[in-house]
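**Student:** For reference, the chains in residue letters:
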Amino acid sequence: MTNAPQILVVEDESQIRRFVRAALEGEGCRVAEAASCRQGLLEAGARRTDLVVLDLALPDGDGVAFVRDFRAWSSAPVLVLSARSTEHDKIGVLDAGADDYLTKPFSVGELLARVRALLRRGRGDADLASACVAFGDVEVDFARRQVSRRGEPVRLTPIEYRLLGVLVANAGKVMTHRQLLREVWGPAASESSHYLRVYVGHLRHKLEDDPTRPRHVLTETGVGYRFQL
Amino acid sequence: MLACALAAGLALPFHAVIDLSATVMLFLLTVVVVAVLAGRGPAVLASLCNVALFDFLFVPPRFSFAVSHAQHLATFAVMLAVSLIVGQLTAGLRRQAQDAERRELATRALYDLARTLAGAAAVAQVGAAVAAFLRGQWGGRSGLLLPDADGGLAAPGPAEAALDPADLASAREARDGGRPVVRVVAEGWRCHCLPLSGTLRGVLCVRLPEAVGEAGPLLEAVASLVGTAVERLHFVELAQAARLEAESERLRSSILSALSHDVRTPLTALYGMADALAVGATMLPAPARETAIAIRGQALRVNEMVDKLLDMARLQAGRLALRREWQPVEEVVGASLNLLGAALDGHPLRVEGIAELPLLEFDAVLMERVFCNLFENAAKYSPPGATIRLAGAAAADVVELRVCSGGDGFPPDKLRRVFELFERGSTETAVPGMGVGLAICRSIVEAHGGTIRAFNLPDGGGCVAFTLPRGCPPPIESEAPAAGDDMEGP
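As they're listed, the protein sequences go chains A and B.
Numbered continuously in my numbering, the first sequence closes out at residue 229.
Numbered continuously in my numbering, the second sequence closes out at residue 490.
If you're looking for bench data, these hints aren't it; they were derived computationally from the structure.
Everything numeric in this text was worked out from a predicted model, so none of it was measured.
Glycine included, every Cβ here is placed at the ideal spot set by N, Cα and C.
Derived Cβ-Cβ restraints for the label pairs, each shown as a range:
1) A:ALA134 with B:SER253: 44 to 50 Å
2) A:GLY136 with B:GLY297: 28 to 34 Å
3) B:ALA391 with A:HIS205: 17 to 23 Å
4) B:GLY346 with A:LEU42: 48 to 54 Å
5) A:CYS132 with B:VAL302: 43 to 49 Å
6) B:PRO287 with A:HIS205: 44 to 50 Å
7) A:GLY136 with B:PRO287: 37 to 43 Å
8) A:ARG68 with B:VAL302: 30 to 36 Å
9) A:GLY136 with B:ALA342: 16 to 22 Å
Listing some non-contacts, in silico: residues in chain B with all C-beta distances to chain A over 10 Å:
10) LEU26
11) VAL44
12) ARG62
13) VAL236
14) ALA379
Please construct the entire structure, taking both the sequences and the accompanying hints into account.
**Tutor:** Given below as structure tokens:
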């Protein structure tokens, strides 16, 4: 199985490592384990790694340092495991270059769904950002700059369209408020996050079936947004 | 007088040798010497004596006050005038020199005081330094008064016996009037009370013997030094308190997050392993599978309780740092519903007026806890299938949000107490819970400057309503419609 994705699990609790490994191997992945930041970086450098599952609280340093080092030479996706009420740390590790996070405790199903989505991204399904994307009953044709819902054209303002474009291009990945503001409004706008929230609200009202219970533009409270196809 | 006699005695043997004008000079010198040594009064006396002695002993006819020549009268007059003037000038110079010396001593003492005060590490040291200074300068006594917690005045540290109630009254008068108050107190003492400069509004009270002359300017200088020193100590104290608080806050939050991590790690393993058994690739026999699912459910419940207890600990431990941002309520409602997931299954949700609310400034993570707890309670305490209603309404300066559900509602006698910690609607029920959820809601809402209340609907069912202040939302510039760059469909 040379095509099987190689996954590195960096987690200091052996019992968590054990069931994560079992779940990933059940999916046909090859799994390497590391119990510390340093060991993780060595393992990641020793072989081609397609994805890293990283615990945020490691005994010999925080995940932010790991991601920063790892990002220096690899663009493989990083999925962070973190406790609740550590929004600040989550933002830090996402801004450093991690792709997604999972709040402890998590189910095997959630873990596998996130891993699959990230591996798809990692393989570079290039059509994501190029031609047509469909989610729910919405179709976006980026080539012709057209958005339609249930076959009816949807009118988006330039900012809404740009925001949708960034979200779709990063589907399956958590985008922090800062990252989205920078991508859509430019580097100067990183302080006025209420704009972002208002425009996300507009998008939901135009594209979601029930804007109060969105299914595609999801809120990661205190952190940012995740677009889900 | 003695000096005059001495001068006369000195000149007498030589009166044949030296002439009268030289004798006059000798007498003038005497006056100068007297003025330097003894001051103004003795100099005047010496002048008069000299003239008399000169007349009696030297001017012919000798040994008589009679004058033979009219020109001698002129000599007497000039001699008297010159000795008086020279005596006055000399005495004046002497006094100035003495004054300068005294001033220099006072200045040096003041300088020493300033140096001591600059190094003082406590208010008691300031008081002691001032007391020593006043004792050294005038033999006076002093008491330093600073405002106490009730807005009155009190001596800091061990109260000095220098002040009695009358002084305290003067001190209050000085503080309220903002200028020095001087009052004569018992047997030869006078009490000066000087308000201290600065924000603290303390008073320096000094008792001086009546014999001490004008002391105002020096006392004011002392008061201003004391004011500066006390002010400095006050701010040092404030800075220390702030640092201490920040440190204990940091410690508390690091303990809480360590606790959170330590408790959650085994729970994560437990939940994950049970989940792997329940849904894993190898199918377990039905009873084992059910057990695995039950273990998973129980682990999740323990986790929820840990979450709530940690939330409560965090909310109750010291000041809550809110990360307030302007945002739509709809978004945080959506996030809570997403988070609750299956917990609301079987309860249809009706949402009214949420999308129309203005932006509000709140901490999204905490507000998500409020909505989660309210929705969870609404689902838990209402019969299966009952609709949960969320409604929002904007009033003049607050926005009210209410979550209502069917069922029995709250016991009418407990409508207030449900927000207290570990208080449950009905103590013995099959519904799991700790009575923490609504207490968390109250802490969070109140931290945002809002209010929360519970009530029952007339047609059955309980409601929890809370308000958030509207404040002044930042403006949102509406975007110019797309012109050439048309996004409209074909």
